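Chemist: One letter stands for each residue in the lines below.
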Amino acid sequence: MSKTTLTIALMDPPYESENLTTAFRILDVAARRGYDINVFAYEGAAGLAFVRQTPHPNPVHGKNVAEENHPTTKDQVAALLAEAEKNGGKVDWVNCGMCVDERGVNEFVPGTRRGSPADFHTFIEASDNVLVIPTK
Amino acid sequence: MAKKTLNIVESAYRAVMEEQDDTILWLLAAMQGSGAEHTVVLRGNAVNYAVAGQGVPGLTVGEWKQTQAPKMDRDVLDLIENRKIPVYVVTEDLADRGIERGELVPGVQPLSRAELPGLFAEYAVIAHW
Amino acid sequence: MAHYLLIESRDPFESRDVGYYYDLAKGLVQGGNQVTLFLAQNGVLSARPSAQSDALTALARSGVTVLADDFSLQERGIAKLADGVAAAHIDVVVDHLAAGHKTLWH
Numbered sequence: 001m002s003k004t005t006l007t008i009a010l011m012d013p014p015y016e017s018e019n020l021t022t023a024f025r026i027l028d029v030a031a032r033r034g035y036d037i038n039v040f041a042y043e044g045a046a047g048l049a050f051v052r053q054t055p056h057p058n059p060v061h062g063k064n065v066a067e068e069n070h071p072t073t074k075d076q077v078a079a080l081l082a083e084a085e086k087n088g089g090k091v092d093w094v095n096c097g098m099c100v101d102e103r104g105v106n107e108f109v110p111g112t113r114r115g116s117p118a119d120f121h122t123f124i125e126a127s128d129n130v131l132v133i134p135t136k
Numbered sequence: 001m002a003k004k005t006l007n008i009v010e011s012a013y014r015a016v017m018e019e020q021d022d023t024i025l026w027l028l029a030a031m032q033g034s035g036a037e038h039t040v041v042l043r044g045n046a047v048n049y050a051v052a053g054q055g056v057p058g059l060t061v062g063e064w065k066q067t068q069a070p071k072m073d074r075d076v077l078d079l080i081e082n083r084k085i086p087v088y089v090v091t092e093d094l095a096d097r098g099i100e101r102g103e104l105v106p107g108v109q110p111l112s113r114a115e116l117p118g119l120f121a122e123y124a125v126i127a128h129w
Numbered sequence: 001m002a003h004y005l006l007i008e009s010r011d012p013f014e015s016r017d018v019g020y021y022y023d024l025a026k027g028l029v030q031g032g033n034q035v036t037l038f039l040a041q042n043g044v045l046s047a048r049p050s051a052q053s054d055a056l057t058a059l060a061r062s063g064v065t066v067l068a069d070d071f072s073l074q075e076r077g078i079a080k081l082a083d084g085v086a087a088a089h090i091d092v093v094v095d096h097l098a099a100g101h102k103t104l105w106h
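Protein chains in written order, with our numbering: chain A, 1 to 136; chain B, 1 to 129; chain C, 1 to 106.
Calculated directly from the structure, the hints in this document are not laboratory data. Just to be clear, a hint being listed does not mean it is correct.
[What the hints assert, rightly or not] Listed next, the in silico DSS-like pairs over lysine-lysine satisfying Cα-Cα at most 27 Å (straight line):
no.	chain 1	residue 1	chain 2	residue 2
1	B	K3	A	K3
2	A	K90	B	K71
3	A	K136	B	K4
4	A	K90	C	K26
5	A	K136	B	K71
6	C	K26	B	K3
Keep in mind it's a predicted model, so treat the numbers as computed, not measured.
Required output: the full structure, derived from the provided sequences and hints.
Modeler: Set out below in structure tokens:
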């Protein structure tokens, strides 16, 4: 039986939309099942794997950096890759190159890569299913 | 043969001045060049993309001037004529917005809301943008 | 007969366009398909019994399976659901995707 391969297209940048919380929950389930997962990170989502994100404290709630433990999407991306691998799957996470360039987010979580619309086309052709999560 | 993909596009004028394109229509045109087989349905506010004669000269900020302002009607025509991507427009959404069929660029195909579900069976992938 | 999963992330209090999506679900089921509407994020706000939830109950009666994401419900403190709406885990979305059901997000 061939392995299930899913493609998800994301568009939202970090910290602007609940779409990403739901997206990562879907991706996490797929990774735990050991599926192969293709992610096309388009537009703002090209910043999700930007390796220079840093967490910050929360002065409103009186928490320092460690106490606040603020999420960064780069850590979520890295964790996703690790989880898939642990379960026998793999994640091919592509950051759309022009989107990366115009946003200046050209340093990625290891294991993710720069790509183009041609990759999204290849993903669609090679997947069992595709989910596009648009931005508003 | 590539998987036929139906793309329902409803988001309109989101960042088109900054990107100098609608980024979804641009993406589909780029993928068509890689051998994809796309169809577009413009619905909601995106039906306005098919209105002929739209566009502004470009943004200026101080001495900075935009030189390649987008024109969405031109891009819709490009999809139809050059990329061979069929473009449908939801007729009720036009009517809701007071847009007459005669105002549209040539080549867009009318589609009623009731007809949209019936289209789904013809496509392997459906993307809602 | 085809299977469709329609994910609705928006709510009718803020977006008039939710009605279009509910109509799409109904149109697909009337076309002889199996349709699941999965409410997520603010989309679950209409799952609480209210004037707005009547549309979901009607959809369920027309044959659409209407589910609400349990994480989104809990996040919003929604415990009681309108008739015809059931809570479900996000796994359902992955089940549909893995089964090859055409999946749309609104």
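Chemist: Taking the hints in turn, state whether each one holds.
Modeler: For each hint, the structure was consulted:
no. : hint           : verdict
1   : K3/B - K3/A    : holds (19 Å)
2   : K90/A - K71/B  : violated (41 Å)
3   : K136/A - K4/B  : holds (25 Å)
4   : K90/A - K26/C  : violated (37 Å)
5   : K136/A - K71/B : holds (21 Å)
6   : K26/C - K3/B   : holds (26 Å)
When held up to the earlier numbered hints, the structure conflicts with 2 and 4 and fits the remainder.
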